[in-house]
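Quick mapping for you: the protein sequence lines, in order, are chains A and B. Here our numbering runs 1 ahead of the position in the first sequence, where the first position is 1. Here our numbering runs 7 ahead of the position in the second sequence, where the first position is 1.
Errors might be hidden in some of the hints.
Straight-line alpha carbon distances no greater than 20 Å define the calculated PhoX-like cross-link-like pairs of lysine-lysine that follow [stated by the list, open to error]: (1) Lys56(A) to Lys71(A); (2) Lys78(B) to Lys102(A); (3) Lys102(A) to Lys74(A); (4) Lys74(A) to Lys56(A); (5) Lys79(A) to Lys102(A); (6) Lys21(B) to Lys102(A).
Here are the computed distance ranges between Cβ atoms for each label pair [stated by the list, open to error]: (7) Leu34(B) to Glu30(A): 38 to 48 Å; (8) Pro46(B) to Ala2(A): 39 to 49 Å; (9) Gly99(A) to Leu34(B): 14 to 24 Å; (10) Lys56(A) to Phe19(B): 40 to 50 Å; (11) Ala72(A) to Gln24(B): 32 to 42 Å.
Computed far set for chain B versus chain A, every beta-carbon distance over 12 Å [claimed, not checked]: (12) Gln44; (13) Ser56; (14) Gln57; (15) Asn60; (16) Thr86; (17) Thr93.
Simulated from the structure, these hints should not be mistaken for lab results. Every residue gets a Cβ at the ideal spot worked out from N, C-alpha and C, and that includes glycine.
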Amino acid sequence: AQTVTQSQPEMSVQEAETVTLSCTYDTSENNYYLFWYKQPPSRQMILVIRQEAYKQQNATENRFSVNFQKAAKSFSLKISDSQLGDTAMYFCAFMSQGAQKLVFGQGTRLTINP
Amino acid sequence: DGGITQSPKYLFRKEGQNVTLSCEQNLNHDAMYWYRQDPGQGLRLIYYSQIVNDFQKGDIAEGYSVSREKKESFPLTVTSAQKNPTAFYLCASSWGQGTGEAFFGQGTRLTVV
């Protein structure tokens, strides 16, 4: 069974700093998707960034980028120039392409301080 | 507007009662999911469905049941067998064999009184 592990329950940085959230996963499959979702206090889940396993190039969305290490089964999220609005829970997620089962990690609570 | 709608937003259940949470999507998505979220924990998968009339158990299916009679609807019933049902429940949908991205509803907060 696929599992997703986020080893940092909480993180806190100052505004404008760069922060990296860690995620590791376990799977025997070769084709899959990885995601980072953000959950602000409203509890609405918002997709931050996605990565297809077959792509070697790391995904980037504005201030958000990932470091995808397929062999190490690692998928970290880097937030550059952090903003107060980035304060939220961040979840790493895995979806197998065949079974379409979407599994989440335990989450990292990120606080951006002014 | 296309989207995924959960209702109600807040739900109260008495001990021993079954309750049904609604999830409707008009995104023409094939796959739908139900998750439970407890304080300090991540999203745990209850059930998911890849196509109409088919669904699979997730990691914490005991005490829950689902149906998928229509593509756009995936209701979740919390039965009296679920001993600790107070939680936040999230429904999601995705294209299935497509992009993989899941879209989420606003959630339902269930409280046992």
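Hints and how they fare:
| no. | hint | in the structure |
| --- | --- | --- |
| 1 | Lys56(A) to Lys71(A) | 10 Å, holds |
| 2 | Lys78(B) to Lys102(A) | 17 Å, holds |
| 3 | Lys102(A) to Lys74(A) | 18 Å, holds |
| 4 | Lys74(A) to Lys56(A) | 14 Å, holds |
| 5 | Lys79(A) to Lys102(A) | 25 Å, violated |
| 6 | Lys21(B) to Lys102(A) | 32 Å, violated |
| 7 | Leu34(B) to Glu30(A): 38 to 48 Å | 26 Å, violated |
| 8 | Pro46(B) to Ala2(A): 39 to 49 Å | 24 Å, violated |
| 9 | Gly99(A) to Leu34(B): 14 to 24 Å | 21 Å, holds |
| 10 | Lys56(A) to Phe19(B): 40 to 50 Å | 46 Å, holds |
| 11 | Ala72(A) to Gln24(B): 32 to 42 Å | 50 Å, violated |
| 12 | Gln44 | 8 Å, violated |
| 13 | Ser56 | 9 Å, violated |
| 14 | Gln57 | 5 Å, violated |
| 15 | Asn60 | 16 Å, holds |
| 16 | Thr86 | 23 Å, holds |
| 17 | Thr93 | 15 Å, holds |
When held up to the earlier numbered hints, the structure conflicts with 5, 6, 7, 8, 11, 12, 13, 14 and fits the remainder.
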